[in-house]
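Those sequence lines, one after another, are chains A and B. Following the numbering used here, the residues of the first sequence are numbered contiguously, the last one being 657. Following the numbering used here, the residues of the second sequence are numbered contiguously, the last one being 804.
Quick caveat, the hints were computed from the structure, so don't treat them as lab data. Computed from a predicted model, the values in this text were never measured in an experiment. We put the CB at the ideal spot given by N, CA and C, even for glycine. There's no promise every hint is true.
[As the list claims (entries may be wrong)] To spell it out: a stretch of chain B is covered by chain A in this simulated footprint if at least three of its residues, at any positions, have a beta carbon under 8 Å from a beta carbon of chain A; those stretches are:
(1) 697 to 709
(2) 740 to 753
(3) 786 to 800
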Amino acid sequence: MEDSHKTNVSQATKILGIEAQGSGVEMSTLVMDSRQTELLQVLLVEDNVLDAKFITGLLRLPTATLQFQHVTRLGEALSHLERDHPDVILLDLNLEDSAGYETFSRIQQAASGAAILVLSGSDDEELAIKTVREGAQDYLVKGTFEGRLLLRSIRYAIERKRSEEALRQTEATVRAIFENSLEGIVIFAGDGTCLEANSAAGALVNLSRNDLIGSRLCDFCEKGIEQVWSQLSTSESGRGQFWTQLKDGSRRLVNYSFTANILPGQHLAMLRDITEQQDMEEQLRDSQKMEAVGRLAGGVAHDFNNILGIISGHAELLESSASTLAERGRAEKILSATEKAASLTRQLLAFGRKQVMSLKLLDVAAVLEGLSSMVDCMVGAGVQISIRATKNVGLVRADQSQMEQVIMNLTANAREAMPDGGTLTITIDRYESSTDQPELPPGEYARLSVSDTGAGMSQEVQSQIFEPFFTTKKTGSGLGLSTVYGIVKQSGGYITVTSEAQRGSTFNVFLPLVSGSALNPAPSEFRKRSHVPGHETILVVDNEKELLNASCEYLESCGYRVLSAEDGKEAIEICDRHPGPISLLISDIVMPRLSGRGLVDHVRKTRPRTNVLIISGYADDAVWRHGIALDPSCFLQKPFTFQALSAKIRAILDKES
Amino acid sequence: MVIIEKQRTSGLNREIIADALLQAAWLNLLKSEHFDSDALWNRVHGDVNLLRELVDLFAAEIPVMLTKIEKAIKQGSPSDLENASHKIKGSMLQFSAHAAAAIARQLEENGRIGSMAGAGNLLLDLQQEISELQQTLEAMARDGRQP
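Required output: the full structure, derived from the provided sequences and hints.
Okay, here's the thing in structure tokens:
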């Protein structure tokens, strides 16, 4: 360090071409530190040679480690500044090619990093203030300073310039953060007036930044926040939430962080719009709730299906062994009731969205008819219901449970639109589209219309009504109509909406009719009958003992040789022990000790010629979810009639042969 | 600073007193009204070499500046008069030559407002002040001390 000081001093005196006349007095009057021995680059802009000599002469001090460059004209100075970057510029304002403030202004623009000391012959207070205000570090009048004072002024000017530069960079950084922050930032006075704000803060209340400044943020917020902030201004900080309340009726939920008195009487509020975040959280909660309800519904349906299987199985046995018409009639009534109950469990599964799409020819009118009791329950007493279905509309290719979901969602939507009561009208008719309607290609359709007499929707709402998560309701998931839209599109159909203020809305679903299809949809698997006797060996596995026994009794009555087991392990033991072939394994999926998957894997290894039929109270997608690779035709959902079982067995076994 | 109080000068040799008074008056004049030699001496930190360099440069540069003022007056150019007078004013301030600086400031003001009235006489006064100043400065430089 010491050596570098000597080097610097030596270089400076050499450049000046003079001997430094040292004196202990001068050394002691100036505090020496590393910066004072730093070799400083000085640009002297002075057209008076005598004055220039005077200035450099005054600075012949042992502590002055200055390297001078002297120019006499503004043009020369500007050229010099393009090449070099002096630490300080000693500037006379009146030059041959420039005068007054103009000289300072031009130099300042060219030398942003250098300190500027104005050395003027004019004791002009106004000019001095102006130059200092605009960035000069000092303004000295010629003849009023001696060497040590000038040297000190130079050093202080450089320090001030460096501090200003550091401050400017900090300010630029803070300003950039302030301006580009996604969070609103507001600085306001004790009376709530915004003194400074960024664009994000303005956007929260639909104002530009400039309009927000000077306004009171509390004027755009719910009542009470002003009082809260007033209390917070007497403490140090606080956090909370408030709702904005804007003239157009819109509201945003805002999280704030409040810091009192960042400057005397000035408070800082950081604002974050969490409206969408809260909406998403609510949607997630709703979604999780629906998921839980769906799981519950699926579980209930599974258990219920097993019970229904037992009931229907025994009812069929009763029916087949009935000795009188009356006994047969009672058995048929039990079977009919069981079929209705099975329909209800299907709807529960549909509600839980547990069914995969299974396209088949459907009579939409029949689907609607089957749902009419649920529609009644859903709508409630305050709404009148009118259901009209034209007969023989035709068949469409769609998934029954999905069509049920479409009807239920549109019904729920109509009910929500009539909180004070009204009329819900659901109709099904045949519709032929002409070429004049671009939104509906020409063709024949089954038209499902769901109309309400509610308040209707604006054009803007209509344009967004099918977007996922769009909702006008506080508690809506925003998924109901988007699900309808998705199902209709998946089924090759179209959906339109018409609405009129105070008159209500109508949703029209158009499903293409399958040409040439007679109106005799595929019989329900529940009542499918088979009269073909069997002779093969079948292994039946079900942990529902009553259903297992009934199934075995029925299959034996059909001529099959039946082996039975109550779980997977027992079934494996039978498989391994049985000497002859087993043509078919009929197994449940969820069982104690060993699941259907483990059993199927074992059988496929040890008896590759054995066919597999999976029966389950869960929906058919449960088979794949349990990891069993299976042709969909080898699945039968509980509850089923024994006649449907018999038909399925023959279909599998006869296909092989 | 020497204070001249004529009322208290009695009972001493008249010639000595008169001589002292003259000397004091001259010094006072130089320091307080025309030229403050103390201020200049302090400003150059008693550096005689520097003072000599400055006096030599003074002798070379000041006549050039005066010529520019004279030329501006003759040509009736206020801006040139303002610029040249401003320049010589700055130098006079550096030398603590208050009287000369004051005259130069008046000439500069004339140029600024575009008036040549009295400029010639002011120039003569300035030349006279500078002539006397130069003699004093040369004495200081030659003797290596204040007058």
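Hint by hint, here is what the structure shows:
1. 697 to 709: Held - the region 697 to 709 of chain B has 6 residues with a Cβ nearer than 8 Å to chain A, which meets the minimum of three.
2. 740 to 753: holds (count 11)
3. 786 to 800: violated (count 0)
The structure shown violates just one earlier hint, number 3.
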